[in-house]
Each structure stands twice: as structure tokens, then as C-alpha cells.
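Enquirer: Sequence:
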Amino acid sequence: MSEREAFELTPKEENFSRWFDEVLFKAEILDERYPVKGMYVWLPFGYELMENVMNVMERLMRQTGHRRVYFPGVVPERVLSREFRFIKGFEDSIYWITRLGKQEIKEKLALRPTSEAIMYEVLNRWIASYKDLPLKIYQIVPVYRYETKATRPMLRVREIVFFKEGHTFHATYDDAVEQVELEVWIYRKFYDELLVPYVVVKTTSWDTFPGAKYNYDLITIMPDGKALELGSAINFGDLFARTYGLEYMDENGERKNVNTTSFGISERSLAALIAIHGDNRGLKLPPKLAPIQVVIVPIPSKGYEEKVLEYAKQVKEMLSDFRVQLDDGEERPGYKFYKWEMKGVPVRVEIGRKEYESRTLTLFRRDRMERDEVPLEGIKDRVKSLFTEIEEEMREQARRYFKERTVKASTLEEIKKGVGEKIVSFPWCGMEECGHEVEEEVGYGILGYEEGALEGTGERCVICGREAKHRAWIGRSY
RNA sequence: GGGGCCGUGGUCUAGCUUGGUAGGAUGCCGGCCUUGGGAGCCGGAGGUCCCGGGUUCAAAUCCCGGCGGCCCCA
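Quick note: the first sequence uses this note's numbering, first residue 7, plus one each step.
Just so you know, these hints were derived from the structure itself, not from any lab. Fair warning: there could be bad hints in the mix.
[Stated by the list, open to error] Simulated pairs of lysine to aspartate or glutamate, DMTMM-like, Cα-Cα distance not exceeding 25 Å:
| # | residue 1 | residue 2 |
| --- | --- | --- |
| 1 | K108 | E127 |
| 2 | K313 | D213 |
| 3 | K322 | D378 |
| 4 | K360 | E399 |
| 5 | K137 | E113 |
| 6 | K294 | E457 |
| 7 | K219 | E439 |
| 8 | K108 | E83 |
| 9 | K208 | D27 |
| 10 | K32 | E19 |
| 11 | K322 | D333 |
| 12 | K18 | E376 |
| 13 | K219 | D181 |
| 14 | K423 | D181 |
| 15 | K422 | E34 |
| 16 | K423 | E399 |
| 17 | K409 | E383 |
| 18 | K232 | D244 |
| 19 | K137 | E153 |
| 20 | K294 | E260 |
| 21 | K422 | E410 |
| 22 | K423 | D213 |
| 23 | K428 | E184 |
| 24 | K294 | E235 |
| 25 | K319 | E336 |
| 26 | K386 | E127 |
| 27 | K142 | D37 |
| 28 | K423 | E445 |
| 29 | K428 | E447 |
| 30 | K137 | E20 |
| 31 | K386 | E410 |
| 32 | K219 | E445 |
| 33 | K18 | D37 |
| 34 | K294 | E257 |
| 35 | K262 | E127 |
| 36 | K409 | D387 |
| 37 | K208 | E187 |
| 38 | K428 | E402 |
Since we're looking at a predicted model, the values are computed, not measured.
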């Protein structure tokens, strides 16, 4: 990567992994040159983009009654260790604070790997009565996990910077079940707005989050054909609450265990958006999320510098309802075109002598890389409807993308045939033995299953041939 | 988990085999000329050669350790 190629990328179809790293750097999302493995600097443009993504989620959270809180970033070992019995190997992925200055400290402190323990410790004192329930809170904080595999910017990091975790507390198990349904609904809304395609699956009993009754995962597929988990809605029942002694008193004065759930997203959601929609020119952002929605590039020519600039300023004013930027820098127009395409600005307005004289504008769409000359009059409405059009096309594009990377199998042979390149769905009876056998035969784990999706369709389990209940998904994953 | 490759101004790199003045391109700064898809010309600044230790008269170069990155296989 030389500066000469500041706006060139390794072709995505040739080496997705390299393309992804390059686009994050060249579009000024991340600076990867921080000397701690798995931790990266977020640049202003990347941060603004991520904020827009988080805002979508926050809006949904608030609409559905969740309230934002902040719990401390460190946990005493005594509190955290109660969680260890659930999660094998969890302890090894934790950053410990063992010293204060030169002194060893008696009780080690952990850098928050997730916040269940931290919250549950305190919530004991918040929750006394059924009247205190349900309680729905969330926070947006960094979490730290010592990933031992190779780290990857935004995909496998040791500091998850934008970890938005929701935690809810309920009187009954049924309430928790209902909440998890709501969480899945929130996820759907969220990824629909991000234009990221996904499938919602329930994880198999042997792959369920330890300490959980069950959980739903949202899964998407990256350009290299590997599945990426985008989020998980977990019903803990009263398992976690018991460990932390979370109880409430019901209407009859009886002590009962609280039922809890959790769900969350991280910068992985943005990673998926970038990976799925980006192309060899750089990012391609949905208008709703782009930090800059419209960029105006003036094209001066001798004797018209001032006039063109004035006209451009006037256009900027007319478009002030949008996030609009006038690029009046010294670079030449061609250079600016490449630059803003890399950053995924959905619409570009080009203004030169020609447009000035005819009171028109040249509109350029990043998604299609197409130009159109339009009248100045009514420009605001025109841009607005262009945004809608772009969004619709990107959504359709995402749908096709997902379809191209999945295949429906009805036999074990078909699964094996498809599974290297694509993510494969297949009919499954739901029996554990059959699930294990598929995994052994295919060599990958089942990602989850669409619960009851095949009931009554007459499709047969690929192993035992009995009637299939679920559509299960299998393939390589991150 | 196993194996391999790599780290040199902001960026990409030459030099390392055979130890002895760190060279180029690009970017950056100033100026001129320009501007419809990465312009050109002139001048200038910019380096703990990843870190630590060792060998040596002398280390970017050889040896050991660490940190960081990449690739392949499980």
C-alpha cells in the first residue's frame, strides 16, 4: 500500500481479508497502527459512522423501554468468579489488574469482559419487589477479552469499543421469553436499517451460551463465505440470578428468583455493513447512516473560480437539511472524486462552469457510479427521493448477496458439496444424535436452526429420514 | 493448536546473503502553472532502520529474547 495507491484497494473478490483491512484504513475508519495487539484507534470519520449506527440501536432500545446506565469498568475477582462455573476457559480470556503502582493488590480486579457480574452484584439492592420488575437497562461501554486466535480489525478484537449490552430482569420465565422475542424484533429492525442481510436461528442445545436456557443468534455471511454472528439474544431463565442471589418478593409475599435476559451488538455490525456493501472503490454507505450524505465538489475554471464557488455555497444552503459538505480544498476534482468514493458518500454534487451557466447540477450516485444532470430547482426533494432509491437498491443488492452465498440442501451429500463455499441450510428432525452426526460428517458446527420452519412441509431429516421440524444452518464461521 | 514469512522518514519499498556514507518513489511544506476522473515544473523539511540484549574496532545487516503484522494447515 503506497500513497500513490491511496485510493486503490486489493480487489475484494481476490482477497477479502486484505480488502477489508485496507478499506478500513483508507476510508479513515480505523488507524491500525497502535502497538497493542487487537486494539485500534477510531478515526473521526469512523467514529461518526459508528455513532450513527449506534443511534439506530439506541432509538430502538428506548422505544422499547430500555434505559441507559453506566456500571464500572472493573470487577473484583470474588464477584466475577461466580460466573466462571458456567464458562469454561472464560477465565483465560480476562485481563487482570494485579498491581497498584509497585504494590501487588490482594484482590485482583478484572477489566470488564461483559457486565452481567458487575450489574447483578448491585441489582440485588435495586430489586426487592415484583413492583420493581421488569427492569430493562443497557449500556454502551468497551469490554476486554484476550482473544488468543489471530486478531482482526473490527471482527476479532481484544477491546470491543462499542459494546452495547442490554440486560433485563423479569418476574416470570414467560416474561423473559417474551422479552427475548422483543430483542429479536429489535435486532431485525436494526439490521434492516443497516441493510445487512441475516438469518435468525436458535442455537443447538450443545452450542448454547453456558448458563443460558436458550439463545437466538443473528447470522450474516461475509464475502469470503464465512458466517458471522451479529448478535445474540439470551434467555438465562433464573440460572444467573440464582448465582448472584437475585430475588424479589411476589404479590403473596413469597421470595422468588428473578428471570434475566441479555442481548447486545458491537462494531461487528458496522464491519458487516462495510464488508457486504463495499466495493473496489471503497465504502458504500446507506444514506441514513453516512456521516456525510452529500458532498459538493466545485470544479473551477479560469475566470469562473468565484462564481462557481458562490453557486456551490448556494447549493449547500439549499441542501442544509442533509449532512452536506462542500469540498473547496486545493486538490483537483478527480482526486476528490476518488477520495469521497472511498468514504462511501452516497451522493456527490459536481458544480462547474457548465452547471453555473445553465442553473443545473450534476448528481453522482456512489452506489451505481452514475451521473445525471438535473435542474437546480427542486434539488432538495430530488436528493431526498434519490436517497430512498439508493436505499431500496442497496437492500435489494443485500438480498441477492445473501441468496448467492447460501444453498438449500436436502441430503448429506448436498451439504458436503456446498459447505466449503457457502452456508448451507438443511432439514433437521431436531434430535441431538442427528445434529452431531451432521457436524461430524461435514466437519463444521451447526450455526443454529430456524425453529419449526419446516413443520408440515414434508421435508425429511438428512440423517434419520424422519419428518424434519427445523431448518438448520451449517458452514464455516468466524 | 502446528508450520512459514516479515518489520527501514507519514506510506510503499531498495539495502541484509558477503557488517563500514541509510537510497528511491509517493506523500508533506513553500512557489509557479492549473483544475470536468489520481496534473506538471522548481525548491525544502522529514529517520530511535520495531524494542531489549549479545557478538564485533564497527550492526539496518550476524545471534538470542520480546512486541507487532501477514500467510498456510488443523
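Enquirer: Give a verdict on every hint.
Expert: Hints, verified against the model:
1. Among the hinted pairs, K108 with E127 is inconsistent with the structure: their alpha-carbon atoms are about 29 Å apart, more than 25 Å.
2. Straight-line distance between C-alpha atoms of K313 and D213 comes to about 65 Å, which puts the hinted pair past the 25 Å bound.
3. The hinted pair formed by K322 and D378 meets the criterion: a straight-line CA distance of about 18 Å does not exceed 25 Å.
4. For the given pair, K360 sits about 30 Å from E399 by alpha-carbon distance, which is inconsistent with the 25 Å threshold.
5. Restraint check: the Cα-Cα separation between K137 and E113 comes to about 36 Å, which exceeds 25 Å; the hinted pair is violated.
6. As the CA atoms of K294 and E457 are separated by approximately 33 Å, the hinted pair breaks the 25 Å bound.
7. Note on K219 and E439: the hinted pairing holds, with a Cα-Cα distance of about 20 Å set against a maximum of 25 Å.
8. Note on K108 and E83: the hinted pairing holds, with a Cα-Cα distance of about 20 Å set against a maximum of 25 Å.
9. Of the pairs offered as hints, the one joining K208 and D27 is violated, with about 31 Å between alpha carbons and a cut-off of 25 Å exceeded.
10. Note on K32 and E19: the hinted pairing holds, with a Cα-Cα distance of about 18 Å set against a maximum of 25 Å.
11. Of the supplied pair hints, the one linking K322 and D333 holds, its CA atoms being roughly 11 Å apart against a limit of 25 Å.
12. Annotation: proposed proximity of K18 to E376 holds, straight-line Cα distance about 21 Å (limit 25 Å).
13. Simply put, K219 and D181 have alpha-carbon atoms about 14 Å apart, close enough for the 25 Å limit, and the pair holds.
14. Simply put, K423 and D181 have alpha-carbon atoms about 42 Å apart, too far for the 25 Å limit, and the pair is violated.
15. Distance hint between K422 and E34 is unfulfilled; the C-alpha atoms sit about 40 Å from each other, more than 25 Å.
16. As the CA atoms of K423 and E399 are separated by approximately 31 Å, the hinted pair breaks the 25 Å bound.
17. The hinted pair formed by K409 and E383 fails the criterion: a straight-line CA distance of about 41 Å is larger than 25 Å.
18. A distance of roughly 34 Å separates the Cα atoms of K232 and D244; the hinted pair therefore is violated under the 25 Å criterion.
19. Restraint check: the Cα-Cα separation between K137 and E153 comes to about 41 Å, which exceeds 25 Å; the hinted pair is violated.
20. Restraint check for K294 and E260: not satisfied, since their Cα atoms lie roughly 50 Å apart, outside the 25 Å limit.
21. Between K422 and E410 the alpha-carbon distance is near 17 Å, which keeps this suggested pair within the 25 Å criterion.
22. For the hint linking K423 to D213, the alpha-carbon distance of about 24 Å falls within 25 Å, and the restraint holds.
23. At most 25 Å may separate the alpha-carbon atoms for a hinted pair to count; K428 and E184 exceed this at roughly 33 Å.
24. Between K294 and E235 the alpha-carbon distance is near 23 Å, which keeps this suggested pair within the 25 Å criterion.
25. A distance of roughly 16 Å separates the Cα atoms of K319 and E336; the hinted pair therefore holds under the 25 Å criterion.
26. Annotation: proposed proximity of K386 to E127 is violated, straight-line Cα distance about 53 Å (limit 25 Å).
27. With a C-alpha separation of about 35 Å, the suggested pairing of K142 with D37 is violated against the 25 Å cut-off.
28. Of the pairs offered as hints, the one joining K423 and E445 holds, with about 14 Å between alpha carbons and a cut-off of 25 Å not exceeded.
29. Among the hinted pairs, K428 with E447 is consistent with the structure: their alpha-carbon atoms are about 16 Å apart, no more than 25 Å.
30. Only pairs whose Cα atoms come within 25 Å are accepted, and K137 paired with E20 is rejected, the gap being roughly 58 Å.
31. For the hint pairing K386 with E410, the CA-to-CA distance comes to about 36 Å; that exceeds 25 Å, so the pair is violated.
32. Annotation: proposed proximity of K219 to E445 holds, straight-line Cα distance about 22 Å (limit 25 Å).
33. With a CA separation close to 20 Å, the supplied pair K18 and D37 stays within the 25 Å bound.
34. In summary, the hint linking K294 to E257 is not supported, as the alpha carbons are separated by about 47 Å, beyond the 25 Å threshold.
35. For a cut-off of 25 Å, the pair hint linking K262 to E127 stands: about 17 Å separates their Cα positions.
36. Only pairs whose Cα atoms come within 25 Å are accepted, and K409 paired with D387 is rejected, the gap being roughly 33 Å.
37. Pair hint K208 plus E187 holds up; C-alpha atoms about 12 Å apart against a cutoff of 25 Å.
38. With a CA separation close to 20 Å, the supplied pair K428 and E402 stays within the 25 Å bound.
Hint check: violations occur at hints 1, 2, 4, 5, 6, 9, 14, 15, 16, 17, 18, 19, 20, 23, 26, 27, 30, 31, 34 and 36; the rest are consistent with the structure.
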